[in-house]
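Number of protein chains: 2
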Amino acid sequence: MSEFKTIHDIFAPLSAGAPGAFNLADDAALLDQSAFVVTKDIIVAGVHFLPKDPLDLVARKLIRVNLSDLAAKGAKPVGYFLGCVWPTNIKREQIELFGSGLREDQETYRVALYGGDTTMHIAKGAPLTLSATFFGIPSRQGLTKRSGAAAGDDLYLSGTVGDAGLGLAALKKEMKFTTVDKASLAGRYHLPEPRLSLGAALAGLATAAIDVSDGVIADAAHLARASGVSANLDAAAIPLSRAARDWALAQDEFDAAIATLAGFGDDYELLFSAPPSMRRSIGVAAKASRTEVVRVGSLSRGEGVSLSDGQGTAIAITSAGFDHFRK
Amino acid sequence: MSEFKTIHDIFAPLSAGAPGAFNLADDAALLDQSAFVVTKDIIVAGVHFLPKDPLDLVARKLIRVNLSDLAAKGAKPVGYFLGCVWPTNIKREQIELFGSGLREDQETYRVALYGGDTTMHIAKGAPLTLSATFFGIPSRQGLTKRSGAAAGDDLYLSGTVGDAGLGLAALKKEMKFTTVDKASLAGRYHLPEPRLSLGAALAGLATAAIDVSDGVIADAAHLARASGVSANLDAAAIPLSRAARDWALAQDEFDAAIATLAGFGDDYELLFSAPPSMRRSIGVAAKASRTEVVRVGSLSRGEGVSLSDGQGTAIAITSAGFDHFRK
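The listed protein sequences correspond, in order, to chains A and B. Sequential numbering of the first sequence, starting at 304, is according to the numbering used here. Sequential numbering of the second sequence, starting at 304, is according to the numbering used here.
Bear in mind the hints are in silico, worked out from the structure with no lab data behind them. Check before you lean on any hint, since a few could be wrong.
[Claimed, not checked] Straight-line Cα separation of at most 30 Å, BS3-like style, residue types lysine-lysine; simulated pairs: (1) K476(A) x K427(B); (2) K394(B) x K427(A); (3) K394(A) x K379(A); (4) K379(B) x K475(A); (5) K379(B) x K355(A); (6) K427(B) x K379(A); (7) K476(B) x K427(A); (8) K379(B) x K427(A); (9) K394(A) x K427(B); (10) K355(B) x K427(A); (11) K427(B) x K427(A); (12) K308(B) x K427(B); (13) K427(B) x K479(A); (14) K475(B) x K427(A); (15) K379(A) x K476(A); (16) K590(B) x K379(B); (17) K479(B) x K394(B).
[Stated by the list, open to error] Output of the computed footprint for chain B on chain A, the stretches with three or more beta carbons under 8 Å from beta carbons of chain B: (18) 364–376; (19) 428–434.
[As the list claims (entries may be wrong)] Sample of chain B residues with no beta-carbon within 10 Å of chain A, all distances over it, derived: (20) A338; (21) K394; (22) R413; (23) K485; (24) G507; (25) D549; (26) V597; (27) G605; (28) A619.
Where a beta carbon is used, it is the ideal one built from N, C-alpha and C, also for glycine.
Bound conformation, chain A alone:
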């Protein structure tokens, strides 16, 4: 399938309603707004998604992991630029399936495709590689940075964590679950839910925020490092789904299991900080955005991240998922 036909048939329709995208028939797009928040994420087959994952789900994951970054910033998404490097043996139906996934999530999140580049591997077996650069409009309350947290702030987490990692293990047949649990956990891995409403509601309230892509522990460390503080996580407070809790209870050591779940990535929840004086406002923001939010720890002077049980005893953090190359 030629590049022109691919763009004309599959991608150009995805730019409808974005005049500055010039129907994807130009070298560049024109963005006519007053300021932008921009983020870029790359996903690679075999690294960030499974080589056999259906391409509509992969497309939607690509959109969602990028939207999750905008959610952390409190920004409202507008559109994106797409880069695709297809494997040598890609078929038209596969690219169409990919396009249908883009379309579905474009409608869900009201974003449009503005441009990009599509090319093909020459090396046999080289993996599908996808890049997206998303842009959004900052909230009037400003942009929530990673670096704004202060010692004394509370740490909060949305939703539940560890599910995507368990879902990945289930999909790779490394762990066994009931059919129902497997479906829900795999769903968390395949289709993260970017916390856009919550992120927008937190703008001006949260002192710092990050989306949990590397795992709660690693991302708490990122936030703490950027803000020049240390993060202290309460293992008992880390929110778990019923399936994840069942899994943890079935392990030899419950605390170690919690540490494992807090080391799993790909959940795309929001981890954020706010001073204790804002507790009520955070509750209101969570309620307004219909998102579960719990307090999971606090920030203090120093550096690094610690995890402790209900009695304040430190739980060992394994290095897995901590300072790895992936983001």
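Based on these hints, arrange chain B on the given structure of chain A.
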């Protein structure tokens, strides 16, 4: 080498002077301007550059192919977002070399790194894949589109074409040249020169423009298609370097050799259109930007692209480089 160290040591210094980049320590960047022209290009080892090309040259090529798109639009570059997927066996020195190439061209073109993503292949032998999303400020005279050309317009070309293709053939040892010619042709392949000054001078004068990445014939077809006209190229007018002319003269059929050179990509010259009434202004713009520009044909009603010799006889266009997947 960890992702954090890579970003902190090598990439974050490249964001100096770009306050909205937050020292690359955040999930997103903030762009605070009134309007943007945005473009995205991906380059893959073995497809768009040679696997053995030094990574500083690869970095500079990545910057330049993207700047070339902004040049075609008449936009002034500001900064970029970078995406890297490294091979499994990448060494720190290699990434440093890549960073030094970025720095060199950032200084040349006065652009800054605003953000991005860096990750690593898991599959052994999977090729280095690089993506950049560049943004610039549109000219006050507006953005030069691909689609603005009209029947009757002249077609112009900057610099010389075919050199990069010959340079690639020389590097792959498919063709032989003198040492001096090989160096100059290979230089055209490794380090294209984005025609930013010319592009800026053409804003408001050119009715349409495109950068020659797929080859003169293919890109004339792209411009003609976007504008709803046909392009007629005069083979005798196509500007050739001394080395390319020598090569063409040494071939069995000179006309066929010209068609081959006009089918080669990667020259990153500007192909643009303007009405005959603007010939003097185009000459002034070329002079002001110190760029050689020649008239290479015209646009007429209809569709497609034709190449003819000095007597108006059609020269066969091979399909090579015409409707391929690469861009």
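Tell me, which hint numbers fail for this structure? 3, 4, 5, 6, 8, 15, 17, 20
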